[in-house]
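Student: Can you make the complete structure from the sequences, with help from the hints?
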Amino acid sequence: MLQTSVDNVREKAVKAKNKKLSHLFVHLFLILLAIICIVPFYIMIIYGTHTNADIASEFIFLPGQALLENYQSMRENMNIWRGFLNSLIIAGCSTALTLYFGALNAYGFAKYKFKGNKLLFWFVLATMMVPQQLGLVGTFRIMYILNLLDTYAALILPAAANAFAVFFVKQFIDGTIPDEIIESARVDGASEFKTFNKIILPMLAPALAALGIFAFIGSWNNFIGPLVLLFTNDKYPLPLLVQLLQGYYGTNYGVQYLGVALSVLPIIIVFAIFSKRIIGSVAIGAVKG
Amino acid sequence: MFSKSIRKDHYGYLFIAPFFLIFFIFGLYPIVYSLYLSFTDWDGFGQPVLVGFQNYQRIIGDFFFYKSLFNTLLIWGASVIPQLTISLILAVILHEKFVKGKSFFRAVFFFPNIVTAASLGLLVGLIFSWQTGSFNQFLMSIGIISDPINWADKPNFMRGLVSSILFWQYFGYSMIIYIAGLQGISKDILEAAEIDGASKVKVFFNITLPLLRPIILFQVVTSIIGGMQIFDQPYTLTDGSGNPDNATLTSVMYLYDTAFTRYQYGYGSAIAFGLFIVIVIFSIISFTTMNLKTKQGKA
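Top to bottom, those sequences are chains A and B. Read left to right, the first sequence gives residues 1 to 289 (this note's numbering). Read left to right, the second sequence gives residues 1001 to 1299 (this note's numbering).
Fair warning: there could be bad hints in the mix.
Said to hold, decoys possible - Derived lysine-lysine pairs resembling PhoX-like cross-links, with alpha carbons at most 25 Å apart: (1) A:Lys15 - B:Lys1100; (2) A:Lys198 - B:Lys1008; (3) B:Lys1202 - A:Lys20; (4) A:Lys12 - B:Lys1067; (5) A:Lys17 - B:Lys1097; (6) B:Lys1200 - B:Lys1102; (7) B:Lys1097 - A:Lys15; (8) B:Lys1067 - B:Lys1154; (9) B:Lys1097 - B:Lys1200; (10) A:Lys20 - B:Lys1100; (11) B:Lys1097 - B:Lys1154; (12) A:Lys115 - B:Lys1008; (13) B:Lys1200 - A:Lys19; (14) A:Lys276 - B:Lys1200; (15) B:Lys1100 - A:Lys276; (16) B:Lys1202 - B:Lys1100; (17) A:Lys113 - B:Lys1008; (18) A:Lys17 - B:Lys1008; (19) B:Lys1187 - B:Lys1102; (20) B:Lys1187 - B:Lys1202; (21) B:Lys1202 - A:Lys15; (22) B:Lys1200 - A:Lys15; (23) B:Lys1097 - B:Lys1008.
What the hints assert, rightly or not - Every beta carbon over 12 Å from chain B, so not counted as near; a handful from chain A, in silico: (24) Lys17; (25) Tyr71; (26) Ser73; (27) Ser87; (28) Ala106.
Keep in mind the hints are simulated off the structure, nothing from the lab. In this text, a Cβ means the ideal position worked out from N, Cα and C, and glycines have one as well.
Tutor: So, in structure tokens, the structure goes:
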């Protein structure tokens, strides 16, 4: 009797020890992965502060003193702040169009029972399955016809037809906006568009905030679009400018590292502030999608 | 009577009209026009000349089309399989109560996903460059190698490097999606299983995995569509060349190259549609196999 209870206690102790050990391994695994995620960015920042001679000689893990020097040589050929501005304009306007027209369309599908509603909505959903690259050459052609080649508009206007946005907002409207609100607005004599703009749109704010993050990141990171549609360096968004670094500074590695670092740092800062919100919106999008 | 008079259903058309207008101009027209161009020979200047199925016949005998497709599949497979498995394991781990610093790990793992792929490609290229790359220098400083290795010379290594970038960029993203799925699973079921004495591994394979199947299917299908479009990372990593020996030339890089640097718009369009057919086939295959499994699971 006594013996078995001692065994029991022992067994429990061993189990607890194993549990602790496995918890330790789990944490070690997570930390290792986290290091792998961070190291390249750390190297990028450190190497951006060194001269080419330093970089060529040995492995470096501490900051150097050539930050200003590298920055000045980068400024000779490249206006990275202009790239920022371009990226902000393109991504900002694209996001605004995606949100407004996505919401408008979603509202139309959610609250008006017109003929062909279901069919047209399925059509919108189906367009999500079509890869963008399919129409790459045709896009180039239509932009040429409309005289939009080498303009921001070529990258911004298509954002007004974002099928995912429609789907995402419609789910939200279906779940949260009752018909009574619209009906009472009608009784009060508001026009349909006024109802949408003044009453519905503000109510959609939570969904639009989540969607906006998606749309903005997607547009900010777009690479092949501007590569095909823009030709003037002054109009290039950041990803294209960064890609030009190789051509301008083939053997000046410090400058290249610094250029990459400057293109990534704002994202690091924004992410550090909004990470919960960003991750949250990805999660919402996934569950609904 | 009253409720009927305040319904204004025809307004719906006005609300959806802008979307469809923009979609027809910038979404549908380019695709239809590309389809038309794929039956023509066009250098971008004169008039497109109809050539029938000539471009598609050319694809069938085009070594580079197959090579780029092969590269894309290899790079995609080598990134997506570890991506979807490790992220699932991570999601399950980070869903556990005992793990400390959950939100920190989620944020750090997710972070590479929002960094511009072009910047990542260039950064990795710098780190792995021959004479001055920090990777070689690190290996030399800890004495693993005595001379720098020219990684850019090794086709399979470079393919692996592109896969690694993709893995690194997307494992956090799929992890978040799995976590969202896990949060949708009712805690009661898991607790009941635990009380019944089921081990964690058993719970994972018998409860979590089957319930996550729709999410897994979603991930597989979106990753096929995304995987076939791999472009930014290999393009910036190799300065647009797809070297060494075209080992990192992906299908979209080949499409871009054909149309926009060699001005063969007709053939480029045909490549796009060839690629699309491949995507559709793979999507159907993955969809039916996943569906079959679901049915077997239920039976």
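Student: If a hint holds in the structure, say so; if it does not, say that too.
Tutor: Right, here's what the structure says about each hint:
{"no.": "1", "hint": "A:Lys15 - B:Lys1100", "verdict": "holds, 20 Å"}
{"no.": "2", "hint": "A:Lys198 - B:Lys1008", "verdict": "holds, 18 Å"}
{"no.": "3", "hint": "B:Lys1202 - A:Lys20", "verdict": "holds, 20 Å"}
{"no.": "4", "hint": "A:Lys12 - B:Lys1067", "verdict": "violated, 58 Å"}
{"no.": "5", "hint": "A:Lys17 - B:Lys1097", "verdict": "holds, 18 Å"}
{"no.": "6", "hint": "B:Lys1200 - B:Lys1102", "verdict": "holds, 19 Å"}
{"no.": "7", "hint": "B:Lys1097 - A:Lys15", "verdict": "holds, 18 Å"}
{"no.": "8", "hint": "B:Lys1067 - B:Lys1154", "verdict": "holds, 16 Å"}
{"no.": "9", "hint": "B:Lys1097 - B:Lys1200", "verdict": "holds, 13 Å"}
{"no.": "10", "hint": "A:Lys20 - B:Lys1100", "verdict": "holds, 13 Å"}
{"no.": "11", "hint": "B:Lys1097 - B:Lys1154", "verdict": "violated, 44 Å"}
{"no.": "12", "hint": "A:Lys115 - B:Lys1008", "verdict": "holds, 12 Å"}
{"no.": "13", "hint": "B:Lys1200 - A:Lys19", "verdict": "holds, 12 Å"}
{"no.": "14", "hint": "A:Lys276 - B:Lys1200", "verdict": "violated, 28 Å"}
{"no.": "15", "hint": "B:Lys1100 - A:Lys276", "verdict": "holds, 17 Å"}
{"no.": "16", "hint": "B:Lys1202 - B:Lys1100", "verdict": "holds, 24 Å"}
{"no.": "17", "hint": "A:Lys113 - B:Lys1008", "verdict": "holds, 9 Å"}
{"no.": "18", "hint": "A:Lys17 - B:Lys1008", "verdict": "violated, 69 Å"}
{"no.": "19", "hint": "B:Lys1187 - B:Lys1102", "verdict": "holds, 18 Å"}
{"no.": "20", "hint": "B:Lys1187 - B:Lys1202", "verdict": "holds, 16 Å"}
{"no.": "21", "hint": "B:Lys1202 - A:Lys15", "verdict": "holds, 18 Å"}
{"no.": "22", "hint": "B:Lys1200 - A:Lys15", "verdict": "holds, 14 Å"}
{"no.": "23", "hint": "B:Lys1097 - B:Lys1008", "verdict": "violated, 52 Å"}
{"no.": "24", "hint": "Lys17", "verdict": "holds, 15 Å"}
{"no.": "25", "hint": "Tyr71", "verdict": "holds, 17 Å"}
{"no.": "26", "hint": "Ser73", "verdict": "holds, 16 Å"}
{"no.": "27", "hint": "Ser87", "verdict": "violated, 9 Å"}
{"no.": "28", "hint": "Ala106", "verdict": "violated, 9 Å"}
This entry does not satisfy hints 4, 11, 14, 18, 23, 27, 28, going by the numbered hints stated previously.
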